[in-house]
Amino acid sequence: MLDDWVFDLQGKEIVFTGKIDDYIRPELVSIANRLGATVKPDVGNNTDLLVRGVSTQWKYGNYGTREAQVARMQRTGHRIVIVDAAGFLGLRSCFPAPTIQPHIPKITARQPASQGGVLGAPYRSGQFANPVQLLGEFSRDPDAVDRGLRAHSATQDALAQHLKSIGCMPLSPFDSDCNFDLAWNSQDDSSSVAEIKSLTLANEISQVRHGLGQVLDYGHRLRSRGFSPRLYLVLEKRPLKSFHWSGLCTSQGVTLVFAPNFESVT
Numbered sequence: 064m065l066d067d068w069v070f071d072l073q074g075k076e077i078v079f080t081g082k083i084d085d086y087i088r089p090e091l092v093s094i095a096n097r098l099g100a101t102v103k104p105d106v107g108n109n110t111d112l113l114v115r116g117v118s119t120q121w122k123y124g125n126y127g128t129r130e131a132q133v134a135r136m137q138r139t140g141h142r143i144v145i146v147d148a149a150g151f152l153g154l155r156s157c158f159p160a161p162t163i164q165p166h167i168p169k170i171t172a173r174q175p176a177s178q179g180g181v182l183g184a185p186y187r188s189g190q191f192a193n194p195v196q197l198l199g200e201f202s203r204d205p206d207a208v209d210r211g212l213r214a215h216s217a218t219q220d221a222l223a224q225h226l227k228s229i230g231c232m233p234l235s236p237f238d239s240d241c242n243f244d245l246a247w248n249s250q251d252d253s254s255s256v257a258e259i260k261s262l263t264l265a266n267e268i269s270q271v272r273h274g275l276g277q278v279l280d281y282g283h284r285l286r287s288r289g290f291s292p293r294l295y296l297v298l299e300k301r302p303l304k305s306f307h308w309s310g311l312c313t314s315q316g317v318t319l320v321f322a323p324n325f326e327s328v329t
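In terms of the working numbering, the sequence shown has 81 at position 18, counting the first letter as 1, and numbering is strictly consecutive.
I should point out that these hints are in silico values taken from the structure, not numbers from a laboratory.
Think of the CB as a built atom: it goes at the ideal place given N, C-alpha and C, for glycine as much as any other residue.
Check before you lean on any hint, since a few could be wrong.
Only pairs whose alpha carbons sit at most 30 angstroms apart, straight line, appear in this in silico DSS-like list of lysine-lysine [claimed, not checked]:
no.: 1; residue 1: K103; residue 2: K122
no.: 2; residue 1: K122; residue 2: K82
no.: 3; residue 1: K82; residue 2: K103
no.: 4; residue 1: K82; residue 2: K169
no.: 5; residue 1: K169; residue 2: K122
no.: 6; residue 1: K169; residue 2: K103
no.: 7; residue 1: K75; residue 2: K103
no.: 8; residue 1: K300; residue 2: K227
no.: 9; residue 1: K169; residue 2: K75
Restraint-style ranges between C-beta atoms, simulated for each label pair [unchecked claim]:
no.: 10; residue 1: I229; residue 2: K122; range: 32 to 38 angstroms
no.: 11; residue 1: D105; residue 2: H273; range: 45 to 51 angstroms
no.: 12; residue 1: S287; residue 2: P104; range: 24 to 30 angstroms
no.: 13; residue 1: R284; residue 2: G310; range: 22 to 28 angstroms
no.: 14; residue 1: R272; residue 2: V92; range: 39 to 45 angstroms
no.: 15; residue 1: T313; residue 2: T119; range: 21 to 27 angstroms
no.: 16; residue 1: R272; residue 2: D67; range: 35 to 41 angstroms
no.: 17; residue 1: Q120; residue 2: G310; range: 35 to 41 angstroms
no.: 18; residue 1: R213; residue 2: D85; range: 21 to 27 angstroms
no.: 19; residue 1: G310; residue 2: R213; range: 28 to 34 angstroms
no.: 20; residue 1: R284; residue 2: K227; range: 46 to 52 angstroms
no.: 21; residue 1: T119; residue 2: R155; range: 22 to 28 angstroms
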């Protein structure tokens with residue numbers, strides 16, 4: 064748990080305040096328990112995190128006695144943070160939760176760029192920890208899927224390392240609205256976003272087409288938040304029809320890049 068982000072709830076003690084739409088308290092406790100947290104009714108010296116819902120009783124920026132207690136504890140040096148309902152629920156999908164300042168209604172990280180919004184959270188490795196699960200008769204070949212995931216992960220991590228080597232800051236997504244593979248801020252304060260695709264001879268066409276659509280969507284979503292990102296489609300290796308795909312991407316304002324050299328990435 065860093066000052067501005069919560070990455071997981073494993074081993075943490077949490078407290079809920081207010082209500083979260085569409086959930087009753089036992090359901091929230093069950094979610095927290097599955098994520099490895101212990102839920103307590105009130106804030107204490109061992110509390111790590113307060114999850115703020117909503118309440119009609121809160122007026123004029125006062126979010127209740129539990130949040131007031133957290134604010135006092137923070138002022139005296141306690142390592143305790145607050146996240147909102149969206150941040151808590153996002154942890155189920157492995158998205159980090161941005162923290163809230165006490166008695167401030169909105170999370171700065173989610174605001175438009177002009178109001179302090181951020182492009183992404185600190186980078187997290189692309190490694191896939193869980194094995195591929197069979198999905199009945201409609202499952203794809205699990206070995207092929209597993210190979211694709213490993214190649215995707217390796218390419219993503221290699222790009223992140225390349226970005227660090229040229230002075231850029233790699234970032235990961237923090238919500239499902241813009242679930243890109245990798246974004247980064249450059250030294251000149253410009254922003255970029257990338258979709259990464261593994262390739263085989265059999266899936267080249269579908270992968271490149273799919274990836275191009277995804278990165279165009281990410282760019283549109285980030286522009287709506289006030290960013291002006293450069294768009295990259297990053298492939299595990301040079302495709303068979305690289306000239307065709309490069310021309311198509313360029314026509315859409317997207318730079319096509321191949322591992323392992325990642326030329327044109329800035």
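Open item on the list: Taking the earlier hints as the rules, which of them does this structure contradict?
Closed with: 10, 12, 15, 17, 18 and 20
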